[in-house]
Amino acid sequence: MENIFECKKVSKNFGKTKQVLVHALKSVDLEIKKGEFTAIIGPSGSGKTTLLNIMSGLDNPTHGKVLLKGNDITKMDGNELSDFRRDHIGFVFQSYNLLPVLTAEENIEYILIIQGVPEKERKERVQKALIEVGLKGLGKKFPNQLSGGQQQRVAIARALVGKPDIILADEPTANLDSVNGRALLDMMLKLNETLGVTFVFSTHDPLIMNEAKRLITLHDGKIVEDKIQ
Amino acid sequence: MKIKFSKLLLIFLISLNAFGDAKLTGYVKAYPQYFTNTFVDDEINDFMLNLPLRASFFWDMSDFWGLEFSWQLIPMVGQSSVGLFNLLTTITFDYRAIYTDPLLVKPNENSDTKFILFNNPDRFFVSYSSDNFTMEVGRQIVAFGSSRFVNPTDVVTPFGLNTIDREVRPGVDAVRLKYFWGDYNLDIGMLFGKDRLLKKSDVSIKESAIFVRAVGTAGGNDFYLMYQRFKENNLFGVDFTGGLGGATIWAEYSYVNSKKQDSIDYSRLTVGGQYFFVGEWSIFGEYHYNGIGTNNQDEYLPLRFNVSHRDANLFLIGKHYLALFGTHKFSALNDISLGGTWNLIDSSLLINGLFTWNNLENHYVDVGLFAGVGAEGGEFVRYLDSYYLAYRFYY
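If you're matching them up, the sequences are chains D and Z in order. No gaps in the numbering here: position 36 of the first sequence is 36 in my numbering, and each next residue is one more. No gaps in the numbering here: position 104 of the second sequence is 333 in my numbering, and each next residue is one more.
Please keep in mind that the hints were generated in silico from the structure rather than gathered at the bench. All values derive from a computational prediction rather than experimental measurement. Treat each hint with caution, since some may be false.
Said to hold, decoys possible - Partner residues are not named here, just some residues of chain D that face chain Z (Cβ under 10 Å, in silico):
{"hint": "1", "residue": "29"}
{"hint": "2", "residue": "113"}
{"hint": "3", "residue": "118"}
As the list claims (entries may be wrong) - Below, a list of computed lysine-lysine pairs in the PhoX-like style, where the Cα atoms sit at most 25 Å apart:
{"hint": "4", "chain 1": "D", "residue 1": "120", "chain 2": "Z", "residue 2": "488"}
{"hint": "5", "chain 1": "D", "residue 1": "128", "chain 2": "D", "residue 2": "34"}
{"hint": "6", "chain 1": "Z", "residue 1": "335", "chain 2": "D", "residue 2": "65"}
{"hint": "7", "chain 1": "D", "residue 1": "190", "chain 2": "D", "residue 2": "227"}
{"hint": "8", "chain 1": "D", "residue 1": "141", "chain 2": "D", "residue 2": "163"}
{"hint": "9", "chain 1": "D", "residue 1": "65", "chain 2": "D", "residue 2": "9"}
{"hint": "10", "chain 1": "D", "residue 1": "141", "chain 2": "D", "residue 2": "120"}
{"hint": "11", "chain 1": "D", "residue 1": "8", "chain 2": "D", "residue 2": "141"}
{"hint": "12", "chain 1": "D", "residue 1": "65", "chain 2": "D", "residue 2": "26"}
{"hint": "13", "chain 1": "Z", "residue 1": "335", "chain 2": "D", "residue 2": "75"}
{"hint": "14", "chain 1": "D", "residue 1": "65", "chain 2": "D", "residue 2": "190"}
{"hint": "15", "chain 1": "Z", "residue 1": "335", "chain 2": "D", "residue 2": "123"}
{"hint": "16", "chain 1": "D", "residue 1": "190", "chain 2": "D", "residue 2": "123"}
{"hint": "17", "chain 1": "D", "residue 1": "65", "chain 2": "D", "residue 2": "33"}
{"hint": "18", "chain 1": "D", "residue 1": "65", "chain 2": "D", "residue 2": "120"}
{"hint": "19", "chain 1": "D", "residue 1": "9", "chain 2": "D", "residue 2": "140"}
{"hint": "20", "chain 1": "Z", "residue 1": "489", "chain 2": "D", "residue 2": "120"}
{"hint": "21", "chain 1": "D", "residue 1": "123", "chain 2": "Z", "residue 2": "489"}
{"hint": "22", "chain 1": "Z", "residue 1": "258", "chain 2": "Z", "residue 2": "558"}
{"hint": "23", "chain 1": "D", "residue 1": "26", "chain 2": "D", "residue 2": "9"}
{"hint": "24", "chain 1": "D", "residue 1": "140", "chain 2": "Z", "residue 2": "548"}
{"hint": "25", "chain 1": "Z", "residue 1": "435", "chain 2": "Z", "residue 2": "488"}
{"hint": "26", "chain 1": "D", "residue 1": "222", "chain 2": "D", "residue 2": "75"}
{"hint": "27", "chain 1": "Z", "residue 1": "548", "chain 2": "D", "residue 2": "120"}
We put the beta carbon where it would ideally sit given N, CA and C, even for glycine.
Please put together the full structure from these sequences, using the hints given.
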């Protein structure tokens, strides 16, 4: 199966002098295949969020390459990278990051508007995304009118609707109670199994760790374990 | 031989007097702002402080030639849960052939309190003036229209309804010629834009504009006819300002068409008037028809991204508006104004209030607000409410 994503000898350092230099990632090699449901785990400070930010193009590695479908995103400039990220990567944040002045539908729709999708197709894909995440009928609600779990589903629908090659999720269940966390995880598993959506999570959540098909353990900026479950 | 910068500056300033009239002016402003929106989300409580600093250099080199140069630095700091700082990082300037990244310091994504440093080389032009001809070449202001709030003939750098600092329009790179014959003048210009998305180093015709405007005066009234070609759109416009029964009245109309994919042909109209009462009161009212707008709230968001909407720097998305404002001057040093802009279809209202106090020579204090009210989903209900103080010092 093809590699959707590759990190080659990726390192990330923070700080400018030896006294304050932090090696957040140390020569990480990683390949993600299409259709994977992979969790990146590790203690706080192990580099999980940094790795996810670099995979998504939100941050640049100090050394190394990041390839998405064979395209080296570290060589792209601002506009090119923004466009590429918009078209190929979905990102789900721990804090949802929904625009509070837009309805759930609008939060999902605006990605498609930027992509230039025609109106009829946009409306259909937004409604389909809402159904897929179990929020049919709630599209006109504003984020503050939805529960935390529902807001996170809107965030996933937003990540999903642009048909990205990969969805990166940074601690997606961290702000949810166990019931909502379980429901969200079941939904993402279903999306992975029925639609073949590739998911990569960073997580502390044992639920996700148990259900992930591949578990990558980071410690002190390095991959110390990579196992198929 | 090393020379201290301070000595060089002193030599430069002294030498100015040897070559005609030159002066350095500018301002320092401080705008602490509080943002919220109780209709959509009462948990929005954001704060921003911005400190615009502007320095302008004017040099009358001779009776005919002049030079103007202005630079603006705006440090901004604050906390925002709604992505205000992310929005600010995406600000670009239209019609600038020579384009520099406006952000000297970008916000730190990992910090709750963000800081950015915004810079804007805003004016740099040479002018030539004679009795019946003027020419301006370089970065300058180009703005059109007599209306107070929405100018249908101005698609260059219009202000949004909730812009606090309307003192200075952003400069554009242009060549502008004006010919005067008695009560008439012909105003011709070209604005140069750069297609930054395609990373072209040359000026792009697709991002540029030309205009031709004929101005005449008759019976104390001013008439304007205009044609603009901007970003492959055509604009035909007329504008009128006059007096009626002691009031000042105006009417401004434009029609825009384009062959661009997904573009919309539309017209816009503003009619309005202002009347000054005895006792330092004045009122003004303006009706605006926004032909590109929609009465369907489901179409509000997509319209904002439409190519025609973006090309003309439009900011309204409904079809019919009414703006009403009243102003009272307490004294020569302070005044208050209050009013609102009303979307007549979805009934949302953007309230705008401002109190200004000239407390010392060249020092001003303002207190103001923008607040959107109305039914859920209304255009102005989605605006962030903004409450602000402003301190302005001019030198």
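Results for each hint:
no.	hint	result
1	29	violated, 25 Å
2	113	holds, 4 Å
3	118	holds, 9 Å
4	D/120 / Z/488	holds, 22 Å
5	D/128 / D/34	holds, 22 Å
6	Z/335 / D/65	holds, 24 Å
7	D/190 / D/227	holds, 22 Å
8	D/141 / D/163	holds, 23 Å
9	D/65 / D/9	holds, 7 Å
10	D/141 / D/120	holds, 21 Å
11	D/8 / D/141	violated, 43 Å
12	D/65 / D/26	holds, 13 Å
13	Z/335 / D/75	holds, 20 Å
14	D/65 / D/190	violated, 32 Å
15	Z/335 / D/123	violated, 35 Å
16	D/190 / D/123	holds, 23 Å
17	D/65 / D/33	holds, 17 Å
18	D/65 / D/120	violated, 39 Å
19	D/9 / D/140	violated, 45 Å
20	Z/489 / D/120	holds, 20 Å
21	D/123 / Z/489	holds, 23 Å
22	Z/258 / Z/558	holds, 23 Å
23	D/26 / D/9	holds, 8 Å
24	D/140 / Z/548	holds, 22 Å
25	Z/435 / Z/488	holds, 12 Å
26	D/222 / D/75	holds, 23 Å
27	Z/548 / D/120	holds, 22 Å
Hints 1, 11, 14, 15, 18 and 19 from the earlier list are contradicted by this structure; the remaining hints agree with it.
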